[in-house]
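*Asks:* Since the structure of chain A is already known, use the hints to place chain B on it.
Protein sequences appear in the order of chains A and B. Residue -12 is where the first sequence starts when you use the numbering used here, and the numbers rise one by one after that. Residue 6 is where the second sequence starts when you use the numbering used here, and the numbers rise one by one after that.
Since the hints were made in silico from the structure, they are not lab data. Nothing false has been slipped in among the hints.
From the structure, some residues in chain A lie toward chain B, with a derived Cβ separation under 10 Å: (1) Val54; (2) Glu93; (3) Val96; (4) Ser396.
Beta carbons are placed, not taken as given, at the ideal position from N, Cα and C, and that holds for glycine.
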Amino acid sequence: MDSLGLHRFQFAFTITYHYLFPQLTMGLALVIVVLKLLGLRKRDGDYDVAARFWTKVLGVGFVMGVVTGIPMEFQFGTNWSRFSQLTGSVIGQTLAMEGVFAFFLESSVLYLVLFQEQRLGPKLHLLASVALWAGTWLSGFFVVCTNAFMQHPVGFERDAAGVLHLESFSALLLNPWALVQYSHTMVGATITGAFVVAATAAFYLLQGRDVGVSRKMLSVAIVIGTLASFAAAFPTGDLQAKLVHEHKPVAFAAMEGHFHTENGAALTLIGQPNVDRLHIDNPVRIPRLLSFLTHQRWHAEIKGLTEFPRDTWPDNIPLLYYSYHVMAGLGSLFIGLMALSSLLLWRGKLHQRRGVLWLLMLAFPLPFIANTAGWFTAELGRQPWIVYGVLRTRDGSSAHVSEGSALFSLLGFMGLYALLSLLFFLLMMRLLERGLVAKEHA
Amino acid sequence: MAELWFWLLALVLAVYAVLDGFDFGVGILHFLIGKTAAERATLLRSIGPVWDGNEVWLIAGGGTLLAAFPLLYATAFSGFYLPLTIVLWLLLFRALGIELRHQLQNPLWHQAWDVAFSASSGLLALFLGAALGNLVRGLPLDARGQFFEPLWTDFLVGEQTGILDWYTFLVGVTASSALTLHGALWSTLKLDGELAERARRWAARLWPPVVALVVLTTLASSAVQPQLRDNLSRYPLGLLLPLLALAGLASARLFLSNRPKWAFLGSCAFVSGLVLSAAYAIFPHALPARIPGRELSLVSAASRPETLQAMLWWWLPGMLLSASYSYAIYSRMPKTFSVNDPDQH
Chain A
-12 MDSLGLHRFQ
-2 FAFTITYHYL
8 FPQLTMGLAL
18 VIVVLKLLGL
28 RKRDGDYDVA
38 ARFWTKVLGV
48 GFVMGVVTGI
58 PMEFQFGTNW
68 SRFSQLTGSV
78 IGQTLAMEGV
88 FAFFLESSVL
98 YLVLFQEQRL
108 GPKLHLLASV
118 ALWAGTWLSG
128 FFVVCTNAFM
138 QHPVGFERDA
148 AGVLHLESFS
158 ALLLNPWALV
168 QYSHTMVGAT
178 ITGAFVVAAT
188 AAFYLLQGRD
198 VGVSRKMLSV
208 AIVIGTLASF
218 AAAFPTGDLQ
228 AKLVHEHKPV
238 AFAAMEGHFH
248 TENGAALTLI
258 GQPNVDRLHI
268 DNPVRIPRLL
278 SFLTHQRWHA
288 EIKGLTEFPR
298 DTWPDNIPLL
308 YYSYHVMAGL
318 GSLFIGLMAL
328 SSLLLWRGKL
338 HQRRGVLWLL
348 MLAFPLPFIA
358 NTAGWFTAEL
368 GRQPWIVYGV
378 LRTRDGSSAH
388 VSEGSALFSL
398 LGFMGLYALL
408 SLLFFLLMMR
418 LLERGLVAKE
428 HA
Chain B
6 MAELWFWLLA
16 LVLAVYAVLD
26 GFDFGVGILH
36 FLIGKTAAER
46 ATLLRSIGPV
56 WDGNEVWLIA
66 GGGTLLAAFP
76 LLYATAFSGF
86 YLPLTIVLWL
96 LLFRALGIEL
106 RHQLQNPLWH
116 QAWDVAFSAS
126 SGLLALFLGA
136 ALGNLVRGLP
146 LDARGQFFEP
156 LWTDFLVGEQ
166 TGILDWYTFL
176 VGVTASSALT
186 LHGALWSTLK
196 LDGELAERAR
206 RWAARLWPPV
216 VALVVLTTLA
226 SSAVQPQLRD
236 NLSRYPLGLL
246 LPLLALAGLA
256 SARLFLSNRP
266 KWAFLGSCAF
276 VSGLVLSAAY
286 AIFPHALPAR
296 IPGRELSLVS
306 AASRPETLQA
316 MLWWWLPGML
326 LSASYSYAIY
336 SRMPKTFSVN
346 DPDQH
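The shape of chain A in the complex, shown without the other chains (with noise of 0.2 Å):
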């Protein structure tokens, strides 16, 4: 792998795995606060037993979160400093604003929810919670709109030197593509808190243990994943694929693996792209489906791979065609399983179907992956830009800084990361155990 390879495997990994522990804190933020408020207007001390479990797992993915994040801010100088010094300008400016208006937030309101609740009292501990909420979802405001901005430059000018200028902050904080991602990414966010919930209630639930508690939990769970497993996909994620369709029409028939331009286009369900031969292998496909879901008409013509001229397709056509459909295929299980479980939730029967408990305590890794692949998809249908339209990503990585300390920190992150997946699942493995009405440890 040349030194440009490295850069961008470097920064694939470290933020792919970074971001399995965001989208768990945000998730689990929010329903922390939907569980505290239970049970200060039910009155009923459950409530706040399952909030003070989930406010200590929070509280661990919370320093893994920030222990994979602080690479990632320096990573924009030390492996793509080219990018840096054209686009500082402007992605500096909400990279700043997530420090100073969210980071100063989160980590003093931390301090707050897990250690200051007997001080508080209810109200005051209830009104913390929301602030760490509204901390965790600011910060990934401010991270998603950098990335809008690299995904759907607006509110710049670029001068002769190919330096970026900002031109208005309210553009760049008003993306229209900042404000779609944005809600699609959080959404994603809420599925993977409410799937991890699901799970460690259904556990218990099996068990036969703090079966009181559980049960609760496990209703907000399925209610909360039920309303984003649909939001997931509409509204946001209908609204997300007509942006990408609008603005990147290459990478939108990349992603669909749709080369050939056609009226009434069909949806390809399963298939692998052949981008030698320029089609799909062995599809199975809904005839007409995608033009209709892209304009609602069965005949609408969708552009295909071959319109585009070669050095603008994404570079990686397999790999973001499969990321796609894995998250639009996951997006569709998690729909099928919340709205079994919300079913059966609502006949009151769900705590005795073993069978569905069963699967809800398995399927919590599943939203990680569909997060992931989801992520997986907005990147590599930017590629090959770095900033879309404006900045190839081959003119953006440290050009003096070799094969040789690339792979050397690549390698270092990798270890350091195995480390760290180790010691969080001993430590959350000792948490499950423990179990959700367990004494504070002395």
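*Replies:* Same frame as chain A, now just chain B:
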């Protein structure tokens, strides 16, 4: 405008050094003040609530640096590729040491994280000090204004320098001793009984070598970076910054035995004075160069004046707001920590 932002960023860095500096110092003294596992747990509890908030100053500073001085950020971060990567790993280990130690009740687990926390704190203080030394000494910028420094070359201050040479190593040692003193004063203030007494003895013991190192580093700096003397005649007002450091260092000793709070505040002035003095040595460049004429100037490193101006409108109020509510929240933490506290956070 670029000059204003230079000093705002220097201030953020100074606050970071003051805040995370006492965490580093506590880490370095971890085994020297904390003789038993319980005592070390107490030391960790005294920084447990705040270390993460302290580190936010580094992150916020990094983002602001990127927004205000994109070229400086790009050049410096890629040129310092190897040491920064190592700093990231050390930050990771330190955070884990602080946050994971109390999760399991097992002596080996405690020992492992105690060592990780203490060693990474010491190495971080050394590396960050050396980084500051690199900036003051000047960087091996090429004709295109780029550089890539290996970890060391021949340890001499020549044209092709490494991260570590005798000068930057000296700055690193000075910085870590200064932060150790700073951490000892924090512990004197925040711990009680035998622990506070031990911390006070360490502060008293460390004070003379810190004074000697500061004098030595100042002499070495003016030898290595001749611009320092020009700055004294061009911007005589800047002399206040090293004086601030000296006054802080003096009051840290003066109030050590009976007013620990004042001694700690003196040490805060000392640490921030050191960082600001380093900034004063770099000013008016963004990056001084080993070869004269290749310096990166503040204006060419900065974003457009319009952008810098517009940034002020959200940055200043945002920082003031965040700093004040963070302070309000953290002031709820216990005034002192004792080994005899019921073990909770």
